Amino acid sequence: MSDNEDEIILTDLNDTELVEQMQDDLYDGLADEVFEGTQILLDRGWDANTVLTDALVEGMRIVGIDFRDGILFVPEVLQCANAMKGGMGLLRPILAESGNSASLGTYVIGTVKGDIHDIGKNLVGMMLEGAGFEVIDLGINNPVENYLEAIDKHEPAILGMSALLTTTMPYMGLVIEEFDKRGILKELPVMVGGAPLNQEFSDAINAHTYGRDAAMTAELAKAIVGKNR
Amino acid sequence: MAKTSHKTLIIACGALAKEILFLKKMLGDAGRSIDLQCLPANYHNSPDKIIPGLEKVIAERGCHYDRILIGYGDCGTGGLLDAFIAKNNLERLPGAHCYAFFAGLDAFDALMEEELGSFFLTDYLVQFFDTLVIKGFGIDRHPDLKDIYFANYKRVVYLAQTEDLELQEQAKAAAQTLGLDYEYRFTGYGALAGVMDKLAQDKPVLGAPTYV
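Top line first, the protein sequences correspond to chains A and B.
In this text, residue positions in the first sequence follow the working numbering: the first is 1, and each later residue adds one.
In this text, residue positions in the second sequence follow the working numbering: the first is 230, and each later residue adds one.
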């Protein structure tokens, strides 16, 4: 670190100031600072879940709003996500140990067949994890069989599909049709998201919910399982 | 201004300007009935700007033409461009994007079938790789993003419109920068040449798929 007079010493801040500073640091994509702030709050006896919700998820929610409003762009959001990831790396084992991480149920997520793009999906996965879901990530290029297998194996509360390409997003409709044929759709809410999607498309393919961005998807997912704040 | 008979306006992505102007020139006198207006090529990275950009040009210039061709594929608009085209009785280039109509729709599908992790470049994208990819994706500011963006890609496929050794070297260097394998496919102007012919002959441009 530099000897800059304006340098903020995180340990000198009180809890409220530190949480605000962590949100700022997360917004600026400062991974080391977010990691340090997370460690300080844990050392001060904060519950891991509160650190996650108040500092990291809230910080990322602000990022999501500015991304939606065209103030932040993908490169900046990815830096923010990277900063959040650092903090989550510290919290994840603690949450797992305390059994908090799966409190909202399982969320299966995957990019559809023919599509190798996963940046958005990974962001959504992280926000869902932050919101308290156990996230099963199927990765990229998933045919309908992969989703069906994951439903059998994990009995998710929600299933999410992602696509970046105009050419691959119609596959989401095929998956939903297959779910419908098998009677799965009545029981399992299916969320869809991805850059070229919109509400109209989501309605047209009979998806349960369209997630416009990562933060919004996490909020909507919580609402679906009836756990919205 | 009075409408000139059988005039066609192409409103295209700036990335196609050079190719369209070349083909227009090749058409000779028949090409004189075709005018070109381009929107910024960096809309490639911001598809939400395409339709407002088109609306503006159509409002300003559309009344002077009998026919307007939208020089875009779907280009990431998620079907919104097709809805806009249907609503305004326009036409667009066939395929999802310029890679598809340069390569040919079937050949493009085959390339994707061969390797899903293909990152395509055209002459324009090779020429402006630094501006559109390195700066456009923020890799210049955050070099670590390169691995995030391209983690699932395996190769760069340069779909070349012209046989230009310098561009081929630049494309190879681009692949190296991204840490991907390199392949070269000469496509020429692909479906764009046929579309320009049809416009000059005042025939409909067929084969524009609707995604939604």
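These are calculated hints, taken from the structure and not from any lab test.
Honestly, I wouldn't trust all of these hints.
[Unchecked claim] Partial list, computed: chain A residues near chain B (C-beta under 8 Å):
(1) Asp118
(2) Ile119
(3) Ile136
(4) Ile140
(5) Asn141
(6) Pro143
(7) Val144
(8) Asn146
(9) Thr167
(10) Ala195
(11) Pro196
(12) Leu197
(13) Phe201
On a predicted model such as this, the values are computed, not experimentally measured, just so you know.
Beta carbons: idealized from backbone N, C-alpha and C, even for Gly.
**OP:** Mind listing which of the numbered hints don't hold for this structure, in increasing order?
**Re:** 3, 6, 7 and 8
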